[in-house]
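2 protein chains.
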Amino acid sequence: MLSEFDLIKQYFDRPAGSGPQRAVLGIGDDCALLAATSGMQTAISSDMLVEGRHFFAGEDPRRLGHKSLAVNLSDLAAMGARPVGFTLALALPAAERDWLHGFSSGLFALADAHDCQLIGGDTTKGPLNICITVFGAVAPGRALRRDAAQPGDDIWISGTLGDARLALAGLRGEVALDAAAQAAAATRMHQPTPRVALGVALAEQGLARAAIDISDGLVGDLGHILARSGVGATLDVDALPAGPVLARQEQRLRRAFSAAGGDDYELCFTADAAQRERIVAAGAACGTAVTRIGRIEALAGLRLVDGAGAPLDLALAGFDHFA
Amino acid sequence: MLSEFDLIKQYFDRPAGSGPQRAVLGIGDDCALLAATSGMQTAISSDMLVEGRHFFAGEDPRRLGHKSLAVNLSDLAAMGARPVGFTLALALPAAERDWLHGFSSGLFALADAHDCQLIGGDTTKGPLNICITVFGAVAPGRALRRDAAQPGDDIWISGTLGDARLALAGLRGEVALDAAAQAAAATRMHQPTPRVALGVALAEQGLARAAIDISDGLVGDLGHILARSGVGATLDVDALPAGPVLARQEQRLRRAFSAAGGDDYELCFTADAAQRERIVAAGAACGTAVTRIGRIEALAGLRLVDGAGAPLDLALAGFDHFA
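So the sequence lines, in the order shown, correspond to chains A and B. Per the UniProt record's numbering, residue 1 is the first one in the first sequence, and the count goes up by one each step. Per the UniProt record's numbering, residue 1 is the first one in the second sequence, and the count goes up by one each step.
Keep in mind the hints are simulated off the structure, nothing from the lab. There could be a bad hint or two in this list.
In this list, chains with the same sequence are indistinguishable; a pair is considered to hold if it fits within one copy or across any two.
Below, in silico cross-link-like pairs of lysine to any residue (SDA-like), each with a Cα-Cα straight-line distance of 20 Å or less [said to hold, decoys possible]: (1) Lys9 with Ala176; (2) Lys125 with Gln150; (3) Lys9 with Asp98; (4) Lys125 with Phe5; (5) Lys9 with Ala274; (6) Lys125 with Asp13; (7) Lys125 with Val50; (8) Lys125 with Phe12; (9) Lys125 with Ser3; (10) Lys9 with Asp147; (11) Lys125 with Glu51; (12) Lys9 with Ala109; (13) Lys9 with Gly26; (14) Lys125 with Phe56; (15) Lys9 with Asp236; (16) Lys9 with Gly173; (17) Lys125 with Ala57; (18) Lys9 with Asp238; (19) Lys9 with Arg228; (20) Lys125 with Asp306.
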């Protein structure tokens, strides 16, 4: 049986040179120590993933390692902050080597790709629970806040929407998908891609005003921008870029799952109309599609319209963990 | 039923002016934003508390709120870092108002006492799990690291040891305690006092070299200092300051529970012998007793001795969550 200390040493405390080194002092003391990046603010986000809630029991550990960090990096992306480091607190029913190897491999592959160092954490026995707190650097005044949208702003979305929700519907038997379609859609559910490069570009080049990452569904998450900015919006539901698998489904599903699917981890952001060309260029430079999907307005509330501008009532709701 | 957003708003997102304000941007965005304290490093620690492992099912929520933050502040104390802020990730079986009121009251009472702001976090449904990540400020080169002990250093301990372990023994029926003794000892288990002022004084005045907080038992935790510093030590077990309830128990229990009890959250630190008077004065200024309990030596290993200097074999072990 692995001890707690051996577990950390073997799977999470990597020798110098084998990963990004951002901390003055990393794993192994009471605290980690980070030196401030000169003149920068620190963006901080915590996400907790619970078995049976955020992922299925028996989930592949490598995918789970990826996703656990991806949802946190997505929060940094939504602020336009560059990843620096993260802590990992992990409750495990048992210390199983295969699981730990897979989980840490998936975690570090994504961490290394974003130059983000595991600097500390905690391990304990308990029902499977993964809590990551991530740290990023952003210049003062440059962060993409939820309260910064202005009437007249375009609303943009990165990538595509709805395939993660479609995969869930397939697993639940709500929708019949063939095996290839199910597998393709499931990749979006299990392996979300945090849009870090795009978020950083939008912030550092001053292209966007407000931003949020889409975890609970576009309509619900955009609602947070509207509420905190004291504005409203009109959203063209037929302009929403459906994921490649969802795009082949009937219109009712396309509209519902792209507007309120959840687990997309795309960036929704608002920007002055004068920035359109530069935003398209920034997306191209990052290899991330960007699509204009609506407009911020002074009138409160979110108005959904179809491609012809006619009102749509999709009876959608964001995801609430206690609903 | 409380929604996730109402839960955060009602119990955790306090209006400006009702608590410490340390963040540029707090609860309600994708990330919190902290401005760097000029020239300071950020000390970061995460602890995860699991029901049935770190506390009993049905634990009083106010005490639990206190303890959840206390164990994290204790990590800052062990680095000599001043508390700045923390994130809270919380998995709850259900959103119960009484529980949330008690938990948040206990949490914020301690947070306010240490000028430490809740800046963000996450809430979800799941088996009860509390994960706090805490942030502190410490000047470069001043942090009390585990790898800094030197042969010849005195070994010191703050406060008293063993009452938390005694309370656990009483609850388990391993020791017979009367109700008053059980209640008094239990306070140490449920309401640990993080030694923040002492840790900060030791670091800022340059009085101590290495430090660690005692969560898993003195012998085991001191062992981390010895391993990382590449030194050994002799510990005078009869010099260990037993808690007031433990002090009335037989010698065997006094020795075992003060040397390896766990859940004490006292500071063990090493210091040059020339600092003795200033350390006693710093302890007095903080209202925290400090006691010399041994000496760091070049010879590897930890030697336990009695008050007469004769070797003791207590057959102790630190606490390992996966043992």
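Right, here's what the structure says about each hint:
1. Proximity of Lys9 and Ala176 under a CA criterion of 20 Å is satisfied in neither setting, with 45 Å inside one chain copy and 40 Å between copies.
2. For the identical chains of this complex, Lys125 and Gln150 are neighbours neither inside a copy (47 Å) nor across copies (34 Å), given an alpha-carbon limit of 20 Å.
3. Taking the closest pair of Cα atoms, Lys9 and Asp98 come within 20 Å of each other only inside a single copy of the chain (15 Å); across copies the shortest separation is 41 Å, beyond that limit.
4. Proximity of Lys125 to Phe5 under the C-alpha cut-off of 20 Å is restricted to the intra-copy arrangement: shortest distance 13 Å within a copy versus 29 Å between copies.
5. In this homomeric assembly, Lys9 and Ala274 never come within 20 Å of each other (Cα to Cα): the closest approach is 52 Å inside a single copy and 36 Å across copies.
6. For a Cα distance limit of 20 Å, the shortest separation of Lys125 from Asp13 inside one copy, 19 Å, qualifies, whereas the shortest one across copies, 30 Å, does not.
7. Proximity of Lys125 and Val50 under a CA criterion of 20 Å is satisfied in both settings, with 14 Å inside one chain copy and 8 Å between copies.
8. In this assembly of identical chains, Lys125 and Phe12 lie within 20 Å of each other by CA distance solely inside one copy; the values are 16 Å within and 27 Å between copies.
9. Taking the shortest Cα distances, Lys125 and Ser3 sit within 20 Å of each other inside one copy (11 Å), while across copies they are farther apart (29 Å).
10. Proximity of Lys9 to Asp147 under the C-alpha cut-off of 20 Å is restricted to the inter-copy arrangement: shortest distance 17 Å between copies versus 42 Å within a copy.
11. When the C-alpha separation of Lys125 and Glu51 is checked against a cutoff of 20 Å, the pair qualifies both within a copy, at 14 Å, and between copies, at 10 Å.
12. In this assembly of identical chains, the alpha carbons of Lys9 and Ala109 lie at most 20 Å apart only when taken from the same copy (18 Å versus 36 Å across copies).
13. For the identical chains of this complex, Lys9 and Gly26 are intra-copy neighbours only, at 12 Å inside a copy versus 34 Å across copies, given an alpha-carbon limit of 20 Å.
14. In the homo-oligomer, the alpha carbons of Lys125 and Phe56 lie at most 20 Å apart both inside one protomer (19 Å) and across protomers (14 Å), since each shortest distance falls under that limit.
15. When the C-alpha separation of Lys9 and Asp236 is checked against a cutoff of 20 Å, the pair qualifies neither within a copy, at 51 Å, nor between copies, at 31 Å.
16. For the homomeric pair Lys9 and Gly173, neither the shortest alpha-carbon distance inside one copy (42 Å) nor that between copies (36 Å) is at most 20 Å.
17. Taking the shortest Cα distances, Lys125 and Ala57 sit within 20 Å of each other both inside one copy (16 Å) and across copies (15 Å).
18. For the identical chains of this complex, Lys9 and Asp238 are neighbours neither inside a copy (51 Å) nor across copies (34 Å), given an alpha-carbon limit of 20 Å.
19. Taking CA atoms no more than 20 Å apart as the test, Lys9 paired with Arg228 passes between copies only; the shortest distance there is 13 Å, against 43 Å inside one copy.
20. Neither within a single protomer nor between protomers do Lys125 and Asp306 lie at most 20 Å apart by alpha-carbon distance, with minima of 50 Å and 35 Å respectively.
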